[in-house]
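Peer 1: This is what each chain is made of:
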Amino acid sequence: MKRWVKQNAVALVAVAVLAPATVAVTFSTEWSSFLTTRPTQPIEVAEGLAAEFDGAQWRVAHTERISSASREGVDAALPAGSDLVLVTVEVDPGTLTPGDKSSFCTVRLGEYEGPNDTAVRIWGDALFSGIDYRTPEGVESGCSPDIIEPYTFTSTFVIADDASDNLGVLLQVSDELPRYLLLRL
Amino acid sequence: MTRMTALKRVANGVGLVVVLAIAWFVTQTTPTEEEWQAPIVVSGDLGETLTGRNIEAVVSEVRIAESVTASNGWAGPTSGVWVVVDTSVSSVVDDFGVSLGTAELVIDGITYSASERPDDGTIARAPLTTAIPLTGPLMFEIPRDLVESEAAASATIQLAVNSDPRADSLLAITVDLSALPLLPSVETDEPIWGAL
Numbered sequence: 005m006k007r008w009v010k011q012n013a014v015a016l017v018a019v020a021v022l023a024p025a026t027v028a029v030t031f032s033t034e035w036s037s038f039l040t041t042r043p044t045q046p047i048e049v050a051e052g053l054a055a056e057f058d059g060a061q062w063r064v065a066h067t068e069r070i071s072s073a074s075r076e077g078v079d080a081a082l083p084a085g086s087d088l089v090l091v092t093v094e095v096d097p098g099t100l101t102p103g104d105k106s107s108f109c110t111v112r113l114g115e116y117e118g119p120n121d122t123a124v125r126i127w128g129d130a131l132f133s134g135i136d137y138r139t140p141e142g143v144e145s146g147c148s149p150d151i152i153e154p155y156t157f158t159s160t161f162v163i164a165d166d167a168s169d170n171l172g173v174l175l176q177v178s179d180e181l182p183r184y185l186l187l188r189l
Numbered sequence: 039m040t041r042m043t044a045l046k047r048v049a050n051g052v053g054l055v056v057v058l059a060i061a062w063f064v065t066q067t068t069p070t071e072e073e074w075q076a077p078i079v080v081s082g083d084l085g086e087t088l089t090g091r092n093i094e095a096v097v098s099e100v101r102i103a104e105s106v107t108a109s110n111g112w113a114g115p116t117s118g119v120w121v122v123v124d125t126s127v128s129s130v131v132d133d134f135g136v137s138l139g140t141a142e143l144v145i146d147g148i149t150y151s152a153s154e155r156p157d158d159g160t161i162a163r164a165p166l167t168t169a170i171p172l173t174g175p176l177m178f179e180i181p182r183d184l185v186e187s188e189a190a191a192s193a194t195i196q197l198a199v200n201s202d203p204r205a206d207s208l209l210a211i212t213v214d215l216s217a218l219p220l221l222p223s224v225e226t227d228e229p230i231w232g233a234l
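Protein chains in written order, with the numbering used here: chain U, 5 to 189; chain Z, 39 to 234.
In isolation and in its complexed conformation, chain Z is listed as follows (with noise of 0.2 Å):
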């Protein structure tokens, strides 16, 4: 064998090991189908404005309470706690089938969704308007013993047009639930469409 053939084989041997460590190293980083449908997430806190692609929104005023009854009159007996999100929302750029589809409350890897049952009393689900802010309570049924656990220090409060936020904003804001005051009851204000 000469020198050169040997040289050839060697540099082919390392060819190879570099070809086989870049391929190992992009089925390493490459992004898994949730990684690449997920959300993007625009993260702040209560009484900022946060603003996604086609999602505005600002909560100004959590509150956990015993009892909770709606502007409609829906009162909402529960064994666990309400926790009221007040918040003002509307679209960006579009509001074509648009809604405030995604209301959760998510607390220790556990989503709640905002409940429904007080119908037009929350804002859950409701139509949203570009540019035209649409303003109420999100009501949140969570079990009582929560509230006081350490996991509540660090709840987080999810807002997205739609419910399937994939590959879409997803506004969050951080709430420590536990240095809010148990209230033995709320009622809450009447939805409001337009600017406060």
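The following block holds chain U by itself, in its conformation from the complex (with noise of 0.2 Å):
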């Protein structure tokens, strides 16, 4: 037995060499796509900083939360058992000059939990829901590519009551993927 494995120690290893190998290449580039079309990679913001991401400066400026079961939540026709949660978040979109387009961002809103604090329930803008809140005037309800100065967005996002307080926005632009904004509530 010692022989023949001596005889065919070149060919052995090569096998134990190559077939991991081959697996490892054939499924790379399936999960490397993967990966690098997803939001995977978070560049985490303490709460109230600012943050410089796809040329512009972010910073979340204020946040509310609402409850379904308060004046405010039956006036914005929330649904039962639910919370509203308001994110007012500055952009500087840096310098651009008439023509150009500042970021075109997608948020959302995590909940995160346990000992490595990952997103465990997650909730897009609740812009088309159908509940009955409105953003003050001359403040927008998320990014706007048209707008070249300083500006700020309120984006809504309609939670279950029982989520924590342990929440923080996702901020994501496609062009920046698999890196996103993580700014902490």
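If you're looking for bench data, these hints aren't it; they were derived computationally from the structure.
All of these numbers come straight from a predicted model, not from anything done at the bench.
One or more hints might be untrue.
[Unchecked claim] Partial list, derived from the structure: chain Z residues whose beta carbon lies under 8 Å from chain U:
| # | residue |
| --- | --- |
| 1 | 131 |
| 2 | 132 |
| 3 | 133 |
| 4 | 134 |
| 5 | 167 |
| 6 | 168 |
| 7 | 170 |
| 8 | 231 |
| 9 | 232 |
| 10 | 233 |
[Unchecked claim] What follows is a list of derived Cβ distance ranges for each label pair:
| # | chain 1 | residue 1 | chain 2 | residue 2 | range |
| --- | --- | --- | --- | --- | --- |
| 11 | Z | 107 | U | 31 | 51 to 57 Å |
| 12 | U | 182 | Z | 225 | 45 to 51 Å |
| 13 | U | 33 | Z | 223 | 35 to 41 Å |
| 14 | Z | 225 | U | 120 | 48 to 54 Å |
| 15 | Z | 201 | U | 31 | 23 to 29 Å |
| 16 | U | 140 | Z | 225 | 36 to 42 Å |
Each residue gets a CB set at the ideal place from its N, CA and C atoms; glycine is no exception.
With the hints as a guide, bring both chains together as one complex.
Peer 2: Below, the structure written as structure tokens:
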């Protein structure tokens, strides 16, 4: 047996190296394209701080949480068992000239939990959800690429009322994927 | 031929047979493309809360009627019958681009999709929210003689997020349609977003 192993040592080593290498190469292509087209690399920003991302400055200026059971919640026609979370973000698009476009982003709200502080539940913007809440005059309801001066937008999220206060805004710009901003609230 | 050489040949032969047997076993047990892409089925009964990867639902009531009128006034005349399924459904982890894309009734291997004709009177294809249920009716139009068939005793309601449930959770609720009375008409409730 030992002799046989010795005689075939090169072939055995080749199989031991090439077989896993083949599997790794086959799956790594698919896996890396999966990872690079999704928001998998957060740039975490502590509460109240500003961050530069996609050539612009971003900062959460204000947050508010309104219960569906409160007067404001009833006025906003929130679904039972929900809270409305309003997140106002200041955007400084940087030095742009007329005709340029500032960043277009997608925002979502995550609830974070566990030893690794991972997002356990995520909610999308409630802009078209049918609630009766309108952002104040002059305040945008999301990223506005046509605005090249500093501006603010307020995103609305309808979340479950049992969600904790350990929340963060996931701000994505498609050109920057897989990186995204995680603005802690 | 020495005794040692003969033994070696026998050992080589046995080795070859073992390798061929393993190859045959692997071939026979390798999942087909359809199998490894198949939905992950979560089965349950009426009134039971079923939870999948990103969908949670409970089917509270099933009725069969000759005609149905939705909360928005839509009335559905049919030469068959309507199976009305009252359901409460939400997403579990993420609601980005998530809707009740799969709402089907399977009887005897034939799949009937929930009607979208009632528009906002049904929750078929409605967007879902994480942890906030959407409650409302699903209407299935099926041939009249099917409800009296033996297969109707083991009909299955299938629910999943988005229209292609492959490699994702598929909630399956078995109902005995043959045990339900055929009502002359049913009026459905308005879909409600939020806890009941």
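Peer 1: For every hint, state whether the structure bears it out.
Peer 2: Verification of the supplied hints:
no.	hint	in the structure
1	131	holds (6 Å)
2	132	holds (4 Å)
3	133	holds (5 Å)
4	134	holds (5 Å)
5	167	holds (7 Å)
6	168	holds (5 Å)
7	170	holds (5 Å)
8	231	holds (4 Å)
9	232	holds (3 Å)
10	233	holds (3 Å)
11	Z:107 / U:31: 51 to 57 Å	holds (53 Å)
12	U:182 / Z:225: 45 to 51 Å	holds (50 Å)
13	U:33 / Z:223: 35 to 41 Å	violated (57 Å)
14	Z:225 / U:120: 48 to 54 Å	holds (49 Å)
15	Z:201 / U:31: 23 to 29 Å	holds (27 Å)
16	U:140 / Z:225: 36 to 42 Å	holds (41 Å)
Checked against the numbered hints listed earlier, the structure breaks hint 13 alone; every other hint is satisfied.
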